[in-house]
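Engineer: Here are the chains, one letter per residue:
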Amino acid sequence: MSDKKLTPAIGVDVGTANLCVCRRDVDGNFVVSHHRNMLLEMDASDEASDLLARSSYLYLKSNGKYYVVGEDALKLVNAIGHGNILRPMQDGLLNPNLKSGQALMNHILEVIVGKPLEANEPLRFSVPANPVDRPETNNLFHSMILTEFFKGLGYSAKPINEALCNIYNEAPSMVVDDESMPLTGLSASFGAGMCNACLAVNGLPTVEFSITKSGDHIDNQVSAVTGERTSKIVRVKERELDLSNIPPDNNVLRALGIYYDELLARTLNGIAKEFTRRGVSLDGSVDMVICGGTAMAKGFVPRAKMVIEKLDLPFKIKDVRLASNPFYSVSQGACLAAMSDWEKRKVFSLTSSQR
Amino acid sequence: MIFENGKAIGGGQPQGAGQAISPEAIDAIARRLAEMLAGGSQMTLTDPESMASVAKAMAGQRAETEGSFKGQSKEVQLESDKAKANKTLDLLKNIP
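If you read the protein sequences in the order shown, they are chains A and W.
Under the numbering used here, the first residue of the first sequence is numbered 5, with each subsequent residue one higher.
Under the numbering used here, the first residue of the second sequence is numbered 48, with each subsequent residue one higher.
Since the hints were made in silico from the structure, they are not lab data.
Below, computed lysine to aspartate or glutamate pairings styled on DMTMM-like, alpha-carbon distance capped at 25 angstroms:
1) W/K131 - A/D291
2) W/K129 - A/D291
3) W/K131 - A/D323
4) W/K140 - A/D345
5) A/K8 - W/E122
6) W/K134 - A/E212
So here's chain A without its partners, still in its complex pose (with noise of 0.2 angstroms):
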């Protein structure tokens, strides 16, 4: 990975549309590395090999069909103009209609991974809570299947949940009392599948849940109205869409502004009707972190702001922000954990050692 030398424990978000990988350095910092997680799926034609013989693309090759992978299958799609995206993730989970996903994401995972720096190291993945508005579906065989997974790379891998990762890496706290209680907030990650939410009480996961539809809701959705491929649509979203001013003869960015709002109204209000079915209750006020891809686009908190305020949450939101670092926050605060899980395992050796 980096130059200096790495601290063996890593963590790594599995995220529907984006596998982002995080390790510390000796000096504290931060070491990410991430891969789109799509593939676009080619027969094994003439012109296909010599297609990619003369590109640089990355690609593979299984079972009698090339697979572009991560960001050049999306700058390949949007340069022929046609072609489907494979996703080998769905809603936050793995995607049950697309056989091959698996086995092509393990060897996507395999590579950006790595193997581990010393035996059993601490890996932390991200999973996400079960989703409130899907009550058929829930994480654990996914969970199951990444815990097996990583363990066969020489990995001693644990899940954690996603949001929770995000209080990790961004650390907010409480006030009661003139008294600080460190770890304490309302996280929301806005990813492509889902949206997590977690409060979190000195560190730990009180109320997890989440609502599905997100990021790919979005572009699913414009590009129905729009009549525009979803692989146009994420490169608009991602290179010019300003939430705080959309240009109103651009149809695209009106859609995606119009389905923006869609989302923050019903993810918003679904996690105040959450903690309210729940009867979370606080003694002081929280704030609120927000990460996730879906919420880098320009404009996002302030329009998020404007819904939270108008919510009635059964506890006080204090401030909302963006996290420091949106889109690695969850790998970074599951690296943090998996840095825990090393200095715990240390810290028993010695002990045991010591008797």
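Knowing the structure of chain A, use the given hints to seat chain W on it.
Structural biologist: Positioned in the frame of chain A, the structure of chain W alone reads:
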């Protein structure tokens, strides 16, 4: 203090070094785990052992591959608040 359905489940005291996690908080975690395990599954498998064996088999799947994919994801060293991260690490010592 945090309450769920009128019952205190955690919070109240900041957890300093060496301080144990409250039994209420442990109960809350156990309850959530039980909820997760008892929740409806998208799998038809319900026996945990069968599920674990299927998970193991799927986790072992690798695409038989050839090609140029060498995982050339670019690594970036991020500016970060080291003191904040170290403080979090210190706090995590008390969390299982």
